[in-house]
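Let chain S serve as the given structure and place chain D on it in line with the hints.
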Amino acid sequence: MGRPPAEPDVGCLSESDDWPLWEVFLRGRRGLAHQHVGSLHAPDPELALQNARDLYTRRGEGVSIWVVRSTEVHASDPDDQGPLFDPPADKAYRHPTFYKVPEDLQL
Amino acid sequence: MTAGVAGLSALDLHEVALALGDDCLVLSHRLAEWTTHAPELEEEVALANLALDLLGQARSLLSLAGEAEGRGRDEDQLAYWRDDRDFRNLLLVEQPNGDFAVTMTRQLLFSAYQELLYDRISSGTEPRLAAIAAKGVMEARYHLEHARLWVQRLGGGTEESHSRMRRALDLLWPYTKELFEPTEAWGRAADLGALPPLASIEGPWRKTIQSQLESSHLEIPEFSAWQSGGRRGSHSEHLGHLLAEMQHLHRSHPNATW
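Line by line, the protein sequences give chains S and D.
According to my numbering, the first sequence holds residues 1 to 107 in order.
According to my numbering, the second sequence holds residues 1 to 258 in order.
It is worth saying that the hints were derived from the structure and are not from the lab.
A hint or two may mislead.
[What the hints assert, rightly or not] Derived coverage of chain D by chain S (criterion: at least 3 residues anywhere in the stretch with Cβ under 8 angstroms from a Cβ of chain S; other residues may be distant):
#1 9–16
#2 23–33
#3 105–119
[To be verified] Beta-carbon label-pair distances, calculated as ranges:
#4 S/His95 <-> D/Thr36: 50 to 60 angstroms
#5 S/Ala75 <-> D/Tyr80: 47 to 57 angstroms
#6 S/Ser39 <-> D/Arg232: 48 to 58 angstroms
#7 D/Ser9 <-> S/Asp18: 49 to 59 angstroms
#8 D/Ser9 <-> S/Ser39: 51 to 61 angstroms
Using N, Cα and C, we set each Cβ at its ideal position, and we do this for glycine too.
The following block holds chain D by itself, in its conformation from the complex:
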């Protein structure tokens, strides 16, 4: 078992790295689903780039989670041999792509969160998490910018693109409260300065989203029946289908190489 900073147990480090890594892995797979379906060739390459950035982050984080756990599981075993109940990602990132408005709204909501998170983790007390976050923050910033430009164009575009943006916001907003609900492991890691307290980034996140929506002729939906549970392993049915596709090849041909 490799302990982190004084006081942060290996198990807690495993838990939080797993949560952050699963966010990246699942969203990466969702974005990769656009390949050959994107509205324009240029946008397809952009979405694939976002997916690859997130996959790189997932590899680092899951490797760290495996090391901290100390049971010999590597990134591949964590990615391919866990069932949905063992995934710790946010419900937001597993939501289906829907139309382009849904995909860009999901990206805006998540990238704004990830950018704030990585920025704070990069100056945190856990050196391995900080190193991964320092590299990832530039990527998150680019993802946020990409989503921002599209949300602005869709929200301020035609009647049709605007109403689709509103629908996308109504659809995804219920999953945003979970972003700021800490697990017990997160709480302990935050007490030790390895992670930011989630309450401290909720305000800045809301401000970013609000000003972005305002400049896109959109607004935060008024009411939401909040959904959460991803960090505890209670997922929507969508994750099972996603994992079936993602894990099928590896499970059918264990240790296959090509």
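Just chain S, with the same shape it has in the complex:
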């Protein structure tokens, strides 16, 4: 107490830190799942949540926030678009539109 710690506390800023990037996911008032809303900079998870609250829920948009370090998100390679996404295109039977809906069924 009364002295700085020899090493910065966990979650504290050190001299050389550039604040890392975080992806923000928000579950809206009537939403069932968290949706990606944007990103922000913050030094640690606690402050990332605070910043997310201030940046993305100012008009009462959300009831729950997730933040994830952007470096932890692994994305598919745009060059793989063909092999990844083309095959289902001609398989109409995978879509619910393939089935005939009985006439008396109330949707």
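Frame of chain S, contents of chain D only:
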């Protein structure tokens, strides 16, 4: 004149609402001064949010003060057409922003106080004050949390951030005794249960601050040459400069709209 609860005179209600409202208005302006100067974009938005919360509280409290006074002054007239001698805010909230450590220390000291105060006022006997406090207490709690996280990170951070935090505490501590000095109107309102006796929240406030500082590798400064007078209208020179900027436009163009 609109009287409050049985026994609380309209003038006393005016006085205490004015004091609480001026705290919010002046601190709101200080926080707004960070806009375009904050260390990070994210923090700038956060500080502006704090400022807007406080501005909302100031509007409600000054409107109430105006109504209780019964001389037809509304929130704008109270905010823009009084001189520093007529402001009743604490000296703490008018202190300049300094560096980020000073701003966060000021916020910690004030928000811990406001949170305790609003919590108690919200179950008090003056229904209009209680309603404003019930809404404000959630905001104060968030402000306290924001300041708490930063004080912890700055106090436990680098040699530089730690020494700046110590400097900020030494600078602001002398203004903390005033938080617990009741005016006569406050004393009467407390006797009627509209406001908490300030002595009853001093202990909890000190405990909150102490444990927060301890977990931030900081401590309460040992000696302070106490400063007070804000609640009586004796302010530091800083308030005059703040008001000059805040009131200038409104006074130059009365009733302007845009």
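Violated hints, by number in ascending order, as checked against the structure: Hints 1, 2, 3 are the ones this structure does not satisfy, whereas the remaining hints hold.
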